[in-house]
Amino acid sequence: MLRLEGVHAGYGATTILHDVSLDVAAGEVVTIIGANGAGKTTTLRTIAGLLTPTAGRITFEGQDVTRLSGHEMVERGVTLIPEGRQLFPEMSVRENLLMGAYRRAARARQAETLEEVLELFPRVRERLDQNAGSLSGGEQQMVAIARGMMARPKLLMFDEPSLGLAPIIVSQVFAVVDRIVRSGVTVLIVEQNVFHTLQVADRGYVLENGEIVLRDEAKALLANDHVRRAYLGI
Amino acid sequence: MDILLQVLANGLMLGGLFAIVSVGLTLIFGIVKVVNFAHGEFLMLGMYGTYLVTSALGLHPFVAVIAVVPVLFILGALTQRLLIQPLMASGDDHIQIFATVGLSTALINLALLVFGADIANTPPHGLRAPVEIGPVRVLTGQIVIFLAAIALVVGLQAFLARTQTGRAIRAVAQNRAAAELMGIDVKRIYALTFGIGAACVGVAAVLVAPLYPTSPNSGTYFVLTAFVVVVLGGLGSIGGAFAGSLLIGLIDSVAGFYVGSDMREIAVFGVFLLILILRPSGLFGSRLKLAHVSP
Ligand SMILES: Nc1ncnc2c1ncn2[C@@H]1O[C@H](COP(=O)(O)OP(=O)(O)OP(=O)(O)O)[C@@H](O)[C@H]1O
Ligand SMILES: [Mg+2]
Numbered sequence: 001m002l003r004l005e006g007v008h009a010g011y012g013a014t015t016i017l018h019d020v021s022l023d024v025a026a027g028e029v030v031t032i033i034g035a036n037g038a039g040k041t042t043t044l045r046t047i048a049g050l051l052t053p054t055a056g057r058i059t060f061e062g063q064d065v066t067r068l069s070g071h072e073m074v075e076r077g078v079t080l081i082p083e084g085r086q087l088f089p090e091m092s093v094r095e096n097l098l099m100g101a102y103r104r105a106a107r108a109r110q111a112e113t114l115e116e117v118l119e120l121f122p123r124v125r126e127r128l129d130q131n132a133g134s135l136s137g138g139e140q141q142m143v144a145i146a147r148g149m150m151a152r153p154k155l156l157m158f159d160e161p162s163l164g165l166a167p168i169i170v171s172q173v174f175a176v177v178d179r180i181v182r183s184g185v186t187v188l189i190v191e192q193n194v195f196h197t198l199q200v201a202d203r204g205y206v207l208e209n210g211e212i213v214l215r216d217e218a219k220a221l222l223a224n225d226h227v228r229r230a231y232l233g234i
Numbered sequence: 001m002d003i004l005l006q007v008l009a010n011g012l013m014l015g016g017l018f019a020i021v022s023v024g025l026t027l028i029f030g031i032v033k034v035v036n037f038a039h040g041e042f043l044m045l046g047m048y049g050t051y052l053v054t055s056a057l058g059l060h061p062f063v064a065v066i067a068v069v070p071v072l073f074i075l076g077a078l079t080q081r082l083l084i085q086p087l088m089a090s091g092d093d094h095i096q097i098f099a100t101v102g103l104s105t106a107l108i109n110l111a112l113l114v115f116g117a118d119i120a121n122t123p124p125h126g127l128r129a130p131v132e133i134g135p136v137r138v139l140t141g142q143i144v145i146f147l148a149a150i151a152l153v154v155g156l157q158a159f160l161a162r163t164q165t166g167r168a169i170r171a172v173a174q175n176r177a178a179a180e181l182m183g184i185d186v187k188r189i190y191a192l193t194f195g196i197g198a199a200c201v202g203v204a205a206v207l208v209a210p211l212y213p214t215s216p217n218s219g220t221y222f223v224l225t226a227f228v229v230v231v232l233g234g235l236g237s238i239g240g241a242f243a244g245s246l247l248i249g250l251i252d253s254v255a256g257f258y259v260g261s262d263m264r265e266i267a268v269f270g271v272f273l274l275i276l277i278l279r280p281s282g283l284f285g286s287r288l289k290l291a292h293v294s295p
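Residue numbers (my numbering), protein chains in the order written: chain A, 1 to 234; chain B, 1 to 295.
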């Protein structure tokens, strides 16, 4: 479904990603593991079209999407739930969710999708008319995930969905992510809780200093010595 | 007592004028975060357009709306696309200011070249006729401007609040990166917003032209107060700019009558500075909705 071939990307003159190749098949759950600053967010932003590769190629559903911009990638069915939530603070929760369904393919089924999504997030339903900026961190993260789902994406990317949340909220976020994964959406996820993520994922990539150093089945990565030492603290 | 009522009525009418001229400026500032120093020249071009349609074709000035508003919409959208957007990438806001100041000067000189320095008077078609409302007398055209200003403010707010495109415009203003992630074409929204802002001043031009003489400097004359009003209202707040317009109109009228006509500007700018010192975010700065700075 998604394929990166020898992608180089970065900010201005600084190249962060060096020769990154990875692929995600339809229905798969894939994770990218890496230390702080390894380039995980940069990878997701490049796929989402917010950064343009300086070299290499990205294809989605067999078509070249290397030079497409962010909104064009959304139209194709690629949605990123960004690090740090990035809600529209002065809009109500409902309006935030409706913005999620801005994509043409999602717009017509807005009301129906909203019902489906709220089914998954009863807490969000209670807050529909509240300003998004006034929610707690955990609630904001739920809204961010719900907003991402409103686009009815083919590929849903998560960037650190549990970052900065209290442990009890983290387990709620994971419960939601697990349900999304089980519903059959193709998922690419970056998450600091590597242990949990590797249990949910089918496959994983290890990113170090902007390069892929390891790729394997999630189970194999859980058993890998380097991964255990560097990312699982075992 | 009747005199006071008349002075207040004049103030309100003046406020309506400031409001209708400044609505578009507020919108552009609130969403695109660009101070359009050529806003007055857009007004001036619209007034010339109205003059041409009215005097050449002998039609009622309001008919000019059909031509002036679309032309200004396109002019605004092109200004954003061809002038502002390429500069936005540089990340330096000052360059955008120089660009719109440059555009303003260019348009004034273009008008001098095409229309000359002489004053053009748009035939008023009864719009300068006075109407009596109780003890006060105002011009028909002034009432039209006042009502149109209210309609424009209410209409624009409803558009921003209720429609999918309006929500997208607000989303871009609040968080540009997140808007892109929703599938919103941010550059298109910027061009659209700039176009709408310019179209608003096109409406103002059509209504103002029959009441005031048109010259290449007309824009400068009207728009200085519009800038005051926009800042006063809390940059980017459309409702705030409307309230600020009425306030400035009233101060102008009251000071002009009771203190002396040469004191009007001193009073207006005195109050302006005072409010800025006491409330730097403007009168309605705390309820600033549009100009929420994106990360
Ligand atoms: N906007 C930016 N401009 C310049 N450099 C950036 C920018 N954002 C990130 N970087 C740099 O790119 C590198 C990779 O950052 P990135 O955010 O992709 O890492 P990450 O793997 O997501 O880390 P974390 O786990 O901390 O989120 C870092 O060295 C960072 O300093
Ligand atoms: Mg990151």
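Hints are not guaranteed to be accurate.
Claimed, not checked - Here are the simulated DMTMM-like cross-link-like pairs (lysine to aspartate or glutamate), alpha carbons at most 20 Å apart as the crow flies:
#, chain 1, residue 1, chain 2, residue 2
1, A, 219, A, 72
2, B, 187, A, 116
3, B, 187, B, 265
4, B, 187, A, 112
5, A, 154, A, 19
6, A, 154, A, 90
7, A, 154, A, 126
8, B, 33, A, 112
9, A, 154, A, 202
As the list claims (entries may be wrong) - A few chain A residues that don't get close to chain B, going by computed Cβ distances all over 10 Å:
#, residue
10, 5
11, 14
12, 16
13, 70
14, 75
15, 79
16, 86
17, 99
Rather than coming from a laboratory, the hints here were simulated on the basis of the structure. We put the CB at the ideal spot given by N, CA and C, even for glycine.
Against the structure, the hints:
1. Taken as a hint, the residue 219 of chain A and residue 72 of chain A pair is broken in the structure, with Cα atoms around 35 Å apart against an allowance of 20 Å.
2. As the CA atoms of residue 187 of chain B and residue 116 of chain A are separated by approximately 32 Å, the hinted pair breaks the 20 Å bound.
3. At roughly 39 Å between alpha-carbon atoms, residue 187 of chain B and residue 265 of chain B are farther apart than 20 Å, so this suggested pair is violated.
4. As the CA atoms of residue 187 of chain B and residue 112 of chain A are separated by approximately 30 Å, the hinted pair breaks the 20 Å bound.
5. A distance of roughly 25 Å separates the Cα atoms of residue 154 of chain A and residue 19 of chain A; the hinted pair therefore is violated under the 20 Å criterion.
6. For the hint linking residue 154 of chain A to residue 90 of chain A, the alpha-carbon distance of about 29 Å lies beyond 20 Å, and the restraint is violated.
7. For the proposed pair residue 154 of chain A and residue 126 of chain A, the alpha carbon gap of about 28 Å is over 20 Å, so the pair is violated.
8. For the proposed pair residue 33 of chain B and residue 112 of chain A, the alpha carbon gap of about 36 Å is over 20 Å, so the pair is violated.
9. Between residue 154 of chain A and residue 202 of chain A, the direct Cα distance comes to roughly 17 Å. Compliance with the 20 Å bound is thereby established for this hinted pair.
10. Residue-level check passed: residue 5 of chain A sits 24 Å from the nearest beta carbon of chain B, beyond 10 Å.
11. Distance to chain B confirms residue 14 of chain A as a non-interface residue, since its nearest Cβ pair spans about 16 Å, more than 10 Å.
12. The Cβ of residue 16 of chain A sits about 17 Å from the closest Cβ of chain B, beyond the 10 Å cut-off, so the non-interface label holds.
13. Distance check for residue 70 of chain A against chain B: the nearest CB is about 4 Å away, which does not clear 10 Å, and the non-interface claim fails.
14. For residue 75 of chain A, the condition that its CB be more than 10 Å from all CB atoms of chain B is violated, with the nearest at approximately 6 Å.
15. With a minimum CB-CB distance of about 7 Å to chain B, residue 79 of chain A fails to clear the 10 Å threshold, and the non-interface call is violated.
16. Under the 10 Å C-beta cut-off, the non-interface status given to residue 86 of chain A relative to chain B is violated; the minimum distance is some 4 Å.
17. In this structure residue 99 of chain A is not separated from chain B by more than 10 Å, as the shortest Cβ-Cβ distance comes to only about 5 Å.
Violated hints, in rising order: 1, 2, 3, 4, 5, 6, 7, 8, 13, 14, 15, 16 and 17; the structure is consistent with all others.
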